[in-house]
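This is what each chain is made of:
8 protein chains.
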Amino acid sequence: MKVHIIMGSKSDKHVADKAIEILEKFGVDYKVDVASAHRTPDRVREIVTNSDADVFIGIAGLSASLPGAIASYTHKPVIGVPVSGKLNLDAILSIVQMPPGIPVAAVGLDRGDNAALLAVEILALNSKDLLRRLEEYREEMKKEVGNV
Amino acid sequence: MKVHIIMGSKSDKHVADKAIEILEKFGVDYKVDVASAHRTPDRVREIVTNSDADVFIGIAGLSASLPGAIASYTHKPVIGVPVSGKLNLDAILSIVQMPPGIPVAAVGLDRGDNAALLAVEILALNSKDLLRRLEEYREEMKKEVGNV
Amino acid sequence: MKVHIIMGSKSDKHVADKAIEILEKFGVDYKVDVASAHRTPDRVREIVTNSDADVFIGIAGLSASLPGAIASYTHKPVIGVPVSGKLNLDAILSIVQMPPGIPVAAVGLDRGDNAALLAVEILALNSKDLLRRLEEYREEMKKEVGNV
Amino acid sequence: MKVHIIMGSKSDKHVADKAIEILEKFGVDYKVDVASAHRTPDRVREIVTNSDADVFIGIAGLSASLPGAIASYTHKPVIGVPVSGKLNLDAILSIVQMPPGIPVAAVGLDRGDNAALLAVEILALNSKDLLRRLEEYREEMKKEVGNV
Amino acid sequence: MKVHIIMGSKSDKHVADKAIEILEKFGVDYKVDVASAHRTPDRVREIVTNSDADVFIGIAGLSASLPGAIASYTHKPVIGVPVSGKLNLDAILSIVQMPPGIPVAAVGLDRGDNAALLAVEILALNSKDLLRRLEEYREEMKKEVGNV
Amino acid sequence: MKVHIIMGSKSDKHVADKAIEILEKFGVDYKVDVASAHRTPDRVREIVTNSDADVFIGIAGLSASLPGAIASYTHKPVIGVPVSGKLNLDAILSIVQMPPGIPVAAVGLDRGDNAALLAVEILALNSKDLLRRLEEYREEMKKEVGNV
Amino acid sequence: MKVHIIMGSKSDKHVADKAIEILEKFGVDYKVDVASAHRTPDRVREIVTNSDADVFIGIAGLSASLPGAIASYTHKPVIGVPVSGKLNLDAILSIVQMPPGIPVAAVGLDRGDNAALLAVEILALNSKDLLRRLEEYREEMKKEVGNV
Amino acid sequence: MKVHIIMGSKSDKHVADKAIEILEKFGVDYKVDVASAHRTPDRVREIVTNSDADVFIGIAGLSASLPGAIASYTHKPVIGVPVSGKLNLDAILSIVQMPPGIPVAAVGLDRGDNAALLAVEILALNSKDLLRRLEEYREEMKKEVGNV
Numbered sequence: 001m002k003v004h005i006i007m008g009s010k011s012d013k014h015v016a017d018k019a020i021e022i023l024e025k026f027g028v029d030y031k032v033d034v035a036s037a038h039r040t041p042d043r044v045r046e047i048v049t050n051s052d053a054d055v056f057i058g059i060a061g062l063s064a065s066l067p068g069a070i071a072s073y074t075h076k077p078v079i080g081v082p083v084s085g086k087l088n089l090d091a092i093l094s095i096v097q098m099p100p101g102i103p104v105a106a107v108g109l110d111r112g113d114n115a116a117l118l119a120v121e122i123l124a125l126n127s128k129d130l131l132r133r134l135e136e137y138r139e140e141m142k143k144e145v146g147n148v
Numbered sequence: 001m002k003v004h005i006i007m008g009s010k011s012d013k014h015v016a017d018k019a020i021e022i023l024e025k026f027g028v029d030y031k032v033d034v035a036s037a038h039r040t041p042d043r044v045r046e047i048v049t050n051s052d053a054d055v056f057i058g059i060a061g062l063s064a065s066l067p068g069a070i071a072s073y074t075h076k077p078v079i080g081v082p083v084s085g086k087l088n089l090d091a092i093l094s095i096v097q098m099p100p101g102i103p104v105a106a107v108g109l110d111r112g113d114n115a116a117l118l119a120v121e122i123l124a125l126n127s128k129d130l131l132r133r134l135e136e137y138r139e140e141m142k143k144e145v146g147n148v
Numbered sequence: 001m002k003v004h005i006i007m008g009s010k011s012d013k014h015v016a017d018k019a020i021e022i023l024e025k026f027g028v029d030y031k032v033d034v035a036s037a038h039r040t041p042d043r044v045r046e047i048v049t050n051s052d053a054d055v056f057i058g059i060a061g062l063s064a065s066l067p068g069a070i071a072s073y074t075h076k077p078v079i080g081v082p083v084s085g086k087l088n089l090d091a092i093l094s095i096v097q098m099p100p101g102i103p104v105a106a107v108g109l110d111r112g113d114n115a116a117l118l119a120v121e122i123l124a125l126n127s128k129d130l131l132r133r134l135e136e137y138r139e140e141m142k143k144e145v146g147n148v
Numbered sequence: 001m002k003v004h005i006i007m008g009s010k011s012d013k014h015v016a017d018k019a020i021e022i023l024e025k026f027g028v029d030y031k032v033d034v035a036s037a038h039r040t041p042d043r044v045r046e047i048v049t050n051s052d053a054d055v056f057i058g059i060a061g062l063s064a065s066l067p068g069a070i071a072s073y074t075h076k077p078v079i080g081v082p083v084s085g086k087l088n089l090d091a092i093l094s095i096v097q098m099p100p101g102i103p104v105a106a107v108g109l110d111r112g113d114n115a116a117l118l119a120v121e122i123l124a125l126n127s128k129d130l131l132r133r134l135e136e137y138r139e140e141m142k143k144e145v146g147n148v
Numbered sequence: 001m002k003v004h005i006i007m008g009s010k011s012d013k014h015v016a017d018k019a020i021e022i023l024e025k026f027g028v029d030y031k032v033d034v035a036s037a038h039r040t041p042d043r044v045r046e047i048v049t050n051s052d053a054d055v056f057i058g059i060a061g062l063s064a065s066l067p068g069a070i071a072s073y074t075h076k077p078v079i080g081v082p083v084s085g086k087l088n089l090d091a092i093l094s095i096v097q098m099p100p101g102i103p104v105a106a107v108g109l110d111r112g113d114n115a116a117l118l119a120v121e122i123l124a125l126n127s128k129d130l131l132r133r134l135e136e137y138r139e140e141m142k143k144e145v146g147n148v
Numbered sequence: 001m002k003v004h005i006i007m008g009s010k011s012d013k014h015v016a017d018k019a020i021e022i023l024e025k026f027g028v029d030y031k032v033d034v035a036s037a038h039r040t041p042d043r044v045r046e047i048v049t050n051s052d053a054d055v056f057i058g059i060a061g062l063s064a065s066l067p068g069a070i071a072s073y074t075h076k077p078v079i080g081v082p083v084s085g086k087l088n089l090d091a092i093l094s095i096v097q098m099p100p101g102i103p104v105a106a107v108g109l110d111r112g113d114n115a116a117l118l119a120v121e122i123l124a125l126n127s128k129d130l131l132r133r134l135e136e137y138r139e140e141m142k143k144e145v146g147n148v
Numbered sequence: 001m002k003v004h005i006i007m008g009s010k011s012d013k014h015v016a017d018k019a020i021e022i023l024e025k026f027g028v029d030y031k032v033d034v035a036s037a038h039r040t041p042d043r044v045r046e047i048v049t050n051s052d053a054d055v056f057i058g059i060a061g062l063s064a065s066l067p068g069a070i071a072s073y074t075h076k077p078v079i080g081v082p083v084s085g086k087l088n089l090d091a092i093l094s095i096v097q098m099p100p101g102i103p104v105a106a107v108g109l110d111r112g113d114n115a116a117l118l119a120v121e122i123l124a125l126n127s128k129d130l131l132r133r134l135e136e137y138r139e140e141m142k143k144e145v146g147n148v
Numbered sequence: 001m002k003v004h005i006i007m008g009s010k011s012d013k014h015v016a017d018k019a020i021e022i023l024e025k026f027g028v029d030y031k032v033d034v035a036s037a038h039r040t041p042d043r044v045r046e047i048v049t050n051s052d053a054d055v056f057i058g059i060a061g062l063s064a065s066l067p068g069a070i071a072s073y074t075h076k077p078v079i080g081v082p083v084s085g086k087l088n089l090d091a092i093l094s095i096v097q098m099p100p101g102i103p104v105a106a107v108g109l110d111r112g113d114n115a116a117l118l119a120v121e122i123l124a125l126n127s128k129d130l131l132r133r134l135e136e137y138r139e140e141m142k143k144e145v146g147n148v
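Chains as they are written, first to last, in the numbering used here: chain V, 1 to 148; chain R, 1 to 148; chain U, 1 to 148; chain Z, 1 to 148; chain H, 1 to 148; chain A, 1 to 148; chain B, 1 to 148; chain D, 1 to 148.
Just so you know, these hints were derived from the structure itself, not from any lab.
All values derive from a computational prediction rather than experimental measurement.
Hints may contain errors.
[Unchecked claim] Derived BS3-like pairs (lysine-lysine); straight-line CA-CA distance at most 30 Å: (1) 142/R to 128/R; (2) 13/H to 10/U; (3) 10/D to 25/D; (4) 18/Z to 13/A; (5) 18/H to 86/R; (6) 128/D to 142/D; (7) 143/B to 13/H; (8) 86/H to 25/B; (9) 10/B to 25/V; (10) 10/D to 143/A; (11) 13/H to 31/H; (12) 86/Z to 13/D; (13) 25/V to 10/V; (14) 128/H to 128/Z; (15) 128/U to 86/V; (16) 31/V to 128/D; (17) 86/D to 143/A; (18) 86/V to 13/B; (19) 10/V to 25/U; (20) 18/H to 31/H; (21) 143/R to 10/R; (22) 18/Z to 143/R; (23) 25/B to 86/U; (24) 18/D to 86/R.
Here chain V stands alone, though its shape is the one from the complex (with noise of 0.2 Å):
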């Protein structure tokens, strides 16, 4: 498995669903939990310290530390996605605002789909297949910016 896909709650299906497209548009491998920092700390933990993925998505809203607890157990790139709720501010902030020494890389608001993008370009450093796909996806993205 390449991608592992993390949501704070159930609730936050929806974000992770546009992360999903973007993988299975690529052909990359990925698995999805439910796991909260809050709630499940240990499962949280022993999902990431048992898991052979190479990239983590975390996905959570409000008090959004559910990227930065993965990032706490693991070297590999932990992207963070917050989802938007009544504030997105203390999403964003809680994601971006990281201590020294522990990264976690934000993408905007909800945005599911970045996360897996930025994923799948991490891997393509070290698969061919993956950098012409995409170099196709960005000459599609571009046709559909398309004119008025």
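Given chain V, put chains R, U, Z, H, A, B and D in place with the hints provided.
Just chains R, U, Z, H, A, B and D now, with coordinates in the frame of chain V:
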């Protein structure tokens, strides 16, 4: 030991000192540790699960996930103190906006003193001596508000 | 009575209901009042000074001074719940940013449930029965986090 | 006495001084007290209910509930001055976002001077002398805007 | 006429209506105009300089400069009401953060009712009848806070 | 005269100086005035309606209504420069969030230089000389970005 | 062609339409393109460097770098319109806070109409016909502000 | 070369230095350039399209469009570092809130060190040596958290 103060970094010491001053004034037994939710997550878990404290105080800045991490390992009341920095809203919202099921009692920015007073109020539910001292403390405080 | 819930306006009832649901689940004796720090300040004082509650929960939106007003009349722990509105930051900051000497334990926006759980955690310091129920509650919660 | 200035803490004195300077310039009778809505709520009530002032000015920072507390005890106009600190939005929103029924007239951050001028404008509705001085003050002010 | 309500746009009518309802309840003579500080600045000046009102209420959203514009043309007390929109902080801060010398009395977001009550409080300094009605109004309000 | 710089207060001079430095570098004729939208509204109107400038630059902090006030009296392009203070968002939002019909061109916090460059770009639509100087300026600027 | 409107995504069309409506009302020649600073950067450069427009309008949401990207390729005035979304402050600040040397004229959230009016004001510096129409437009607008 | 650091201005050097210190500690080959997305857009494109780096780090403040500009020219992972200034939220939101299709990995304010560590984590996916050093680094870091 009654109150366990955990700060996320040695640089939060000035806020912990405000809590310590109050606890010593009230004669409440306490312990202080440094443990980072992000850099030493296992140490946080170990400290919390082995602690016999009645109340925890977690002090952290930036993406301040320490109080929530403490709360994830205990049923005891956890008080969170956001430490001021370049944004301030990051630490406040990270501590206040906990998800359902795992409460943290947030106090104000750098308010180590109020965290300790809240701990004393909780412990005083079961100690006539502390209750009496709280009453005295409030009376003193009223006098200090004083006049112009 | 153990927990006294005071809301600033009848329109905060949906947040109080989340607290009530938790307290009833745990079998904790409670009372609910409506009293506004701004419209009925004497009633707030009267309710608080005549209450035999161990823990207070103050629920309010906008310039949410109710939890602080309760805290100004009692040495018992006071938990404050900001109610969401057009700004949200107004209620959160009004409740979190208490001055030194008068602590309020702030929980998240509309988190009546967490306010009640925090009250239960405080009461459980003195009740093996509540402590056992808290442990059961956390186990249930862990199962509910479940999987995708 | 015409204007009653109440500040929440001695540390708000520099903002009260701006108000005092204006009131003295206009020859308006005033009184200054220190009373905290959170630390000395009964004193706030006592001061307000025993005051014969026509206008109150409440000065406070952080969760600035003092102006609202004053307003809860009087039908007289209450002007609130937020005092700057680490966040600023906390004091501003606490004072501006009053619930329906209990108005507070908020002025800008640290604007003790404008609070006093607003009080003078209110008192001038019933004093030709003050009205004349206000006109003179504005004329002076226009000259001071001056040129480069 | 006692109170002059000026709104920046017809779309602010719902906020003006809250003020009107209060003024009619108190039997206070008022007038309503629409005039934009940005689109019809001369009309604002003309309305204000020709008005014999004792108190002005300016209602505006976005970059809400209307209350400040009114205040720039009169020595009478000016109350500003920020109207809610996509940001809210824009209207609140535009009205609260007036420079030294020209005060505006800001009330909360969409709080036309509080603006009118503040005007009544100001007028009641010189009217025993209004003072009595204010007392009655507060008593009614207290009853309405009621119970659960 | 081509560009008319109006600042709301003498204390905004450091921001006006950045604009002046650019205008002098480009040899653009300009004039500088101090006039406050709130303290000297008639002076603002008089200055604007009597000015033969092609472009106006309004510089103000706090509730920065000066650029909007200028725009309300002219059909010429008006550039607004928010001046930094304790909040910053107040001045930015007051200048950016103009209502439909009366545009202001907002530049960044304290960016008197960019205001002047924008004015030069506008004037260069009708001046080959200015256009050439703009090209030279950009080339110089590129060199200054330089290397490490 | 006089005004070149570029939007970052087809989904910004409703804001572009407000600009188009104004430009057609004033009989100003314009062109509309879709080009993303992030997805089709070369297309942005190509469109801008090959355009003979006098004024550019860039419309974008989120991290709204399109107006700045346009400005980086031209000496012509560039007007930026932030498009509303979940945060709003992201688009506003991305467009307003340009670094020294490359100005962008920011207008309000979703204010395509004001962007077009600002463009007309700029073009009117060199067209008596447009100047006359601007005067007529303002007169119409004043009438529309109307009365209650 | 493995990591290409590009900063938007020489004044961002102190943040780049934090990244350099980490990369040198890990023995990772890197290069540093200064190029502004707004002042030297062609240089950014040229640097990025001619670079053989595996990972890019873009460092910028204000409307921080540099990381996004880098990402628009490459399929390689791009890490963005917001630089602190008068607002801070401007740089953070400009970097985090990227549109769908072009991801940027945002790290915290001024966190050049975390940007470099994230780059090392990405490169370590393909280097046992770097992986070993990361493990050692974390162990050192844990010791440094230390005790009071």
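Go through the numbered hints given earlier and state which of them the structure violates, listing their numbers in rising order. 5, 15, 21 and 23
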